[in-house]
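Undergrad: Fit chains Z and W to the given chain C structure using the hints.
Protein chains in written order, with the numbering used here: chain C, 1 to 198; chain Z, 1 to 605; chain W, 1 to 382.
Think of the hints as simulated: they come from the structure by calculation, not from any bench. All figures in this text were calculated on a predicted structure; none of them were measured in a lab. We put the CB at the ideal spot given by N, CA and C, even for glycine. A couple of the hints might just be wrong.
[What the hints assert, rightly or not] Here chain C is said to cover these stretches of chain Z; the calculated rule only asks that three of the stretch's residues, wherever they fall, bring their Cβ under 8 Å from a Cβ of chain C:
| # | region |
| --- | --- |
| 1 | 39–52 |
| 2 | 129–139 |
[As the list claims (entries may be wrong)] Quick list of in silico lysine-lysine cross-link-like pairs, DSSO-like style, CA-CA up to 30 Å:
| # | chain 1 | residue 1 | chain 2 | residue 2 |
| --- | --- | --- | --- | --- |
| 3 | C | Lys-183 | W | Lys-45 |
| 4 | Z | Lys-259 | Z | Lys-377 |
| 5 | Z | Lys-543 | C | Lys-183 |
| 6 | C | Lys-180 | W | Lys-212 |
| 7 | W | Lys-96 | C | Lys-183 |
| 8 | Z | Lys-377 | Z | Lys-77 |
| 9 | C | Lys-180 | W | Lys-115 |
| 10 | C | Lys-190 | W | Lys-45 |
| 11 | W | Lys-141 | C | Lys-183 |
| 12 | Z | Lys-543 | W | Lys-269 |
| 13 | C | Lys-83 | W | Lys-212 |
| 14 | W | Lys-141 | C | Lys-77 |
| 15 | Z | Lys-543 | W | Lys-141 |
| 16 | W | Lys-212 | C | Lys-77 |
| 17 | W | Lys-229 | Z | Lys-543 |
| 18 | W | Lys-212 | Z | Lys-543 |
| 19 | C | Lys-180 | W | Lys-96 |
| 20 | W | Lys-269 | W | Lys-130 |
| 21 | C | Lys-180 | W | Lys-321 |
| 22 | W | Lys-229 | C | Lys-77 |
| 23 | Z | Lys-543 | W | Lys-142 |
| 24 | C | Lys-180 | W | Lys-269 |
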Amino acid sequence: MATSITAGETKATVPAKGRAAAEVQVSAPSRREFLYYIWGASIALLLGEVGAGLVWFALPRFKEGTFGGVFNFPPDKVPDADKAPYNVADGRFWVSHPPTGLIVLYGVCPHLGCLPKWSESNHRFECPCHGSKYQIDGHYIEGPAPRSMDRFLTTLTFDDGSTAVMDPAGDVINIDGRGKISKISIDTGKRIKRPGRV
Amino acid sequence: MSVLPFPSFLDDVKEKGLKRAVFEGINEVTERMTAGLNVQDIREALRGEPASRKPNPRLQPHADGFWLHMRPSYFHKSVTGLYPTFRLGWLSTYFVFFETITGILLMVWYTPSPDIAYANMLAMLSNVPLGQFVRDLHRLGAEAMVLIVFLHMLRTFFTGSYKRPREFTWFSGVILLICTAFLSFSGYLLPWDQLSLWAVTIGASMVEAAPPEVVGTNLNLLLRGGPDIGANGILRFYLLHVLLVPAILFIFLGVHYYKVIIHAHSLPPSEENIGEDTAKRVPLDKRVYFTPDIITSEIMWLAVTTLILVILVTWFYHAPLESHANPQVTPLGTTAPWYFLWIQGALKLGDKVLWGIVFPTIVVVFLIVLPYIDVSKTRRWAHRRVAFSVCLVLLSLLVAFSYMGLPEFGVHNSADTTIIHEMLQEPQHKSLGQLLPVPYDQLVPGIYTTRQFEASPDQAESAIAALNTQINGGNYPVEGGKTLISYMNDIQFLPATSYTFTAVPSDATQLQNAMKFFTEEMDANANELLNGWGAVVITEPQKNLKRVDVIITWDEVQVLNGNLVLDANGKSQLVKDANGNSIRRINSDHFYIHRDAQYFLEPGG
Amino acid sequence: MSLQRLLVNRIEQRILVGTVAFLATLVLVGWIAINEGGRMAAFDKEFTGRSIEDGAMLFASNCSPCHGADGRGTARAPALNSPLLFGFDYFADIHKQREALTTEQGLPTTTQARKDEITKALADLDTQEKQREGAIDAAIKKGYNPDQFNRLTNLGWSGSLHNYIYSTVFSGRPNSATYWPNPMPNWAQPTGGPLRTDQVEDLTQFVLNFDKGDAWTTDDLLAVNQFPKAAQDPAIVAQLQDQINQLQQSGGVLPVYVGVDTAVPDIMKGLQGVTGDAQHGQQLYTGQTPQALPCTGCHLNGSVAPPMQGTWTRIQTERLKQPQFAGWTGEQYIADSIIHPSDYVVPNYQDGLMPHTFGSQLTYQDLADLIAYLKTQDQPSS
Numbered sequence: 001m002a003t004s005i006t007a008g009e010t011k012a013t014v015p016a017k018g019r020a021a022a023e024v025q026v027s028a029p030s031r032r033e034f035l036y037y038i039w040g041a042s043i044a045l046l047l048g049e050v051g052a053g054l055v056w057f058a059l060p061r062f063k064e065g066t067f068g069g070v071f072n073f074p075p076d077k078v079p080d081a082d083k084a085p086y087n088v089a090d091g092r093f094w095v096s097h098p099p100t101g102l103i104v105l106y107g108v109c110p111h112l113g114c115l116p117k118w119s120e121s122n123h124r125f126e127c128p129c130h131g132s133k134y135q136i137d138g139h140y141i142e143g144p145a146p147r148s149m150d151r152f153l154t155t156l157t158f159d160d161g162s163t164a165v166m167d168p169a170g171d172v173i174n175i176d177g178r179g180k181i182s183k184i185s186i187d188t189g190k191r192i193k194r195p196g197r198v
Numbered sequence: 001m002s003v004l005p006f007p008s009f010l011d012d013v014k015e016k017g018l019k020r021a022v023f024e025g026i027n028e029v030t031e032r033m034t035a036g037l038n039v040q041d042i043r044e045a046l047r048g049e050p051a052s053r054k055p056n057p058r059l060q061p062h063a064d065g066f067w068l069h070m071r072p073s074y075f076h077k078s079v080t081g082l083y084p085t086f087r088l089g090w091l092s093t094y095f096v097f098f099e100t101i102t103g104i105l106l107m108v109w110y111t112p113s114p115d116i117a118y119a120n121m122l123a124m125l126s127n128v129p130l131g132q133f134v135r136d137l138h139r140l141g142a143e144a145m146v147l148i149v150f151l152h153m154l155r156t157f158f159t160g161s162y163k164r165p166r167e168f169t170w171f172s173g174v175i176l177l178i179c180t181a182f183l184s185f186s187g188y189l190l191p192w193d194q195l196s197l198w199a200v201t202i203g204a205s206m207v208e209a210a211p212p213e214v215v216g217t218n219l220n221l222l223l224r225g226g227p228d229i230g231a232n233g234i235l236r237f238y239l240l241h242v243l244l245v246p247a248i249l250f251i252f253l254g255v256h257y258y259k260v261i262i263h264a265h266s267l268p269p270s271e272e273n274i275g276e277d278t279a280k281r282v283p284l285d286k287r288v289y290f291t292p293d294i295i296t297s298e299i300m301w302l303a304v305t306t307l308i309l310v311i312l313v314t315w316f317y318h319a320p321l322e323s324h325a326n327p328q329v330t331p332l333g334t335t336a337p338w339y340f341l342w343i344q345g346a347l348k349l350g351d352k353v354l355w356g357i358v359f360p361t362i363v364v365v366f367l368i369v370l371p372y373i374d375v376s377k378t379r380r381w382a383h384r385r386v387a388f389s390v391c392l393v394l395l396s397l398l399v400a401f402s403y404m405g406l407p408e409f410g411v412h413n414s415a416d417t418t419i420i421h422e423m424l425q426e427p428q429h430k431s432l433g434q435l436l437p438v439p440y441d442q443l444v445p446g447i448y449t450t451r452q453f454e455a456s457p458d459q460a461e462s463a464i465a466a467l468n469t470q471i472n473g474g475n476y477p478v479e480g481g482k483t484l485i486s487y488m489n490d491i492q493f494l495p496a497t498s499y500t501f502t503a504v505p506s507d508a509t510q511l512q513n514a515m516k517f518f519t520e521e522m523d524a525n526a527n528e529l530l531n532g533w534g535a536v537v538i539t540e541p542q543k544n545l546k547r548v549d550v551i552i553t554w555d556e557v558q559v560l561n562g563n564l565v566l567d568a569n570g571k572s573q574l575v576k577d578a579n580g581n582s583i584r585r586i587n588s589d590h591f592y593i594h595r596d597a598q599y600f601l602e603p604g605g
Numbered sequence: 001m002s003l004q005r006l007l008v009n010r011i012e013q014r015i016l017v018g019t020v021a022f023l024a025t026l027v028l029v030g031w032i033a034i035n036e037g038g039r040m041a042a043f044d045k046e047f048t049g050r051s052i053e054d055g056a057m058l059f060a061s062n063c064s065p066c067h068g069a070d071g072r073g074t075a076r077a078p079a080l081n082s083p084l085l086f087g088f089d090y091f092a093d094i095h096k097q098r099e100a101l102t103t104e105q106g107l108p109t110t111t112q113a114r115k116d117e118i119t120k121a122l123a124d125l126d127t128q129e130k131q132r133e134g135a136i137d138a139a140i141k142k143g144y145n146p147d148q149f150n151r152l153t154n155l156g157w158s159g160s161l162h163n164y165i166y167s168t169v170f171s172g173r174p175n176s177a178t179y180w181p182n183p184m185p186n187w188a189q190p191t192g193g194p195l196r197t198d199q200v201e202d203l204t205q206f207v208l209n210f211d212k213g214d215a216w217t218t219d220d221l222l223a224v225n226q227f228p229k230a231a232q233d234p235a236i237v238a239q240l241q242d243q244i245n246q247l248q249q250s251g252g253v254l255p256v257y258v259g260v261d262t263a264v265p266d267i268m269k270g271l272q273g274v275t276g277d278a279q280h281g282q283q284l285y286t287g288q289t290p291q292a293l294p295c296t297g298c299h300l301n302g303s304v305a306p307p308m309q310g311t312w313t314r315i316q317t318e319r320l321k322q323p324q325f326a327g328w329t330g331e332q333y334i335a336d337s338i339i340h341p342s343d344y345v346v347p348n349y350q351d352g353l354m355p356h357t358f359g360s361q362l363t364y365q366d367l368a369d370l371i372a373y374l375k376t377q378d379q380p381s382s
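Same shape as in the complex, but just chain C (with noise of 0.2 Å):
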């Protein structure tokens, strides 16, 4: 046997538990213990492939209109501007239309999970759970909840074709003279967090 030192290996002492211990050679495998560990890497690959499976077979999966997949909503349904927001609760969302564009927030309350309700006479949403209050644009008043209103992706197809896509940050969408909206696709499985009370 070489008595090279390969790097990371050291001679070492098991400490003595009443019986003899074996020196740990410190030689580069022979031809069948290197095979071994090839058949482990395999091993391993292959356990590593099932558990990626395991994983994707298991994980619930979304069809288009449930929840958690793409919503067309029917553009005629859009409330007029800052009039009460449209609910759709398939979706678990409201469609919005503040006076600076249209919005579509999440209806429920990213403090403990409540729906809050849309208050005519108040023209906001309040949470009866414990108290939260957003603007017709989601953006926070009062109360517990520690950010806005949460938003969905949502894109905006016009009669001449064009699009409008919510900003990053999920901003209210600009739709000044932008025509007639022809498509409103929400995506339910895209869900955007304001950083905080903005």
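TA: Chains Z and W only, in chain C's frame:
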């Protein structure tokens, strides 16, 4: 003087330096985790060198460790190869764990309710990644397991390994065989398609036949949870399949394996002296140690078996899914799974109590007492000629009964029903009938007749023309005061206004083949379907959807007690009505084919 | 190759076989995983095909007796194989062109020469429309209204076509003089019927497969045997049925309703040559005719709707002055307000209160009468 207020790893680091302390730490952990082997011992084993310290550390895990205390520390060399055991016992255990794992994976997506189960199957096949893969593995594994455990039993019989002192091992094995059969049977119901429902209904109905009547009735109700198999039934079968039978299986697997180990694996009879059982006294030069040789072999066989199963499931095997279970319609050709065909065949012999309850019970009891009634002197084949002969006779009976259990055997339907069924049948057991496999575009809309193929190719046109004249556009009188048109309109809801036969387009080769088959069948049954001809009507009611009707019409012939009444020349005789005219019978059925629909005909499809 | 070497190497052979086997499994599973997306999509398609096949079988045995084996309807049940169910507009191109031309005509920037061109083009469109209507005259006589070409809109159904068909099969329909004199049985097991819910879904897929998208032809329309009807008040139906019967017996012309979808230019076209009777208009307005119109209920005192008194003056002096009504006539404004109430809401009043269904209750004569009556309202309220 510890680094921390208590002794710790950091003390070692301080004393010996980080590198050495880490290495020694790993070494110690390895020895503890493997219950006796440190890094050097493992490396020696991997190299194939003998152990360098005494006592042999490779035996320590078998004494101290949980997992390896269940495995022997060495095997006799003669039982480590493919022969004589063919590793069937090992393979059976492999399948137990294989089925458990794939079964648990399927449980993620399955709900045992008649309203949901079939939709779950569809979801698994269309919206779960690797869903079809896992399902096919589970189904293939189940069928393979039944075969493997049976072969294992056969091997154990041939090597006489059930003889003293291993009789109880054999008994626990019979219990395991029954558990395997019940697992397969209960799992069969869960996809809730037509095959599941009716195959299991037949099986469950045998329970009802158990005498005395009160026992049979109540056992049946207990099993099904209702008069027929519905929501309660599928839930009970699910509980059986997932909880109760696996629990019994694992208990008896433990017993069985324990017994195998403490008596040690029986040796091939040629290697022992007559009358001796030397399995437990293995000479040193015949020992093959578990680490590394046996465990290497076992992992290799695991790899190879898994690969074979994956290959089969990728290209050669796909679990079928027929149409949704319909408690009101039993499809023609319903049959038990292949491993229960022998019971089906036995049932066709007569009384269902005798053949459905008594006969299988006798078989099981016979298996159980076999070790106790076997009086051959030794395990040598030469001394067991009688036993072998009896075994071969029983195997032949098994095959014969299984053949009799096939749906075609003994179930006689009228020729017209049978022919129409063969042309148009619901996909079942991989068989699709004659017309379903025809490519969509070859089903050219039109009306075709078997008369075209009865005549020789140059006479075909005139044969068709002759028939057209006969049927007069469809105004052709048939039984019940109807015409061809009114029968098809009123009874079959086919809104055609006139019928004119044309020749099958010459490039529609598979349609031609189907028509030729149709013609041959009509010919073969010419006596029963006297003066008969067949027609196939293809229409396209919607885009990408075609409707195919098969019509058979013939003159009624005399039948007595289910047999044709033949004259002196062996020809059947017409039935005449009050006016002395023959009665023109008609039978028809149809199905729809959508361009996209597929029925698992091609593996991989 | 000595036996010894063979035996010594046997372990290594096994290691190699094991490694190769695991790697091959890795590759195979990976290959399956890569193809999964396509396989699942293909399976979906296949199973929709099977669903349609099953639906076709169920339709043939359960539905053809009433709906016709070809789905074109019989006296017992309306057609499903019909462009009306799928909302195909035979006049879509004409309507669109007319609207574009009329809008252009009304713009202040259009030259007179161009306006003349447009007038000629509109006249051509009229001829085209008449020709097309002639081609489908047989269908119109059977009850098809080219302006009410979408069954779902006519019924005010806000869900999808799939859900409409599914729920109809599922629960059936009671008979009603307003809708249809024959009941439709309920089919789904949860409602006591014979079919499982997956079979109801199969039937729905089959009916949906009748759709021809943009490829509906006039032949398809003419082949329909039986059209459905729009919902109306039973008393009105009875009276209107009497009127229709009388007209048929006397050989007169059946009334044509304005329609809820009809665009304003088409409405004005329909009003041409129709002389309005203000007295009848007043009767209509005050709910004394069979239609029992509810106008006065909202428009009498102006709290929830603009008051009737002085409306014509206000229209002339205020409304028509607004930019979106440039080039409009007062009659046009009234027609638009009645048939399409949400097109423009007078400030300080709420949208969505005025019914949108008057188009299905008023003929052009009725509308002309109403307009004539409202023209008399030129005294402002105190």
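Undergrad: Against the earlier hints, flag every one the structure doesn't satisfy and list their numbers going up.
TA: 11, 12, 13 and 14
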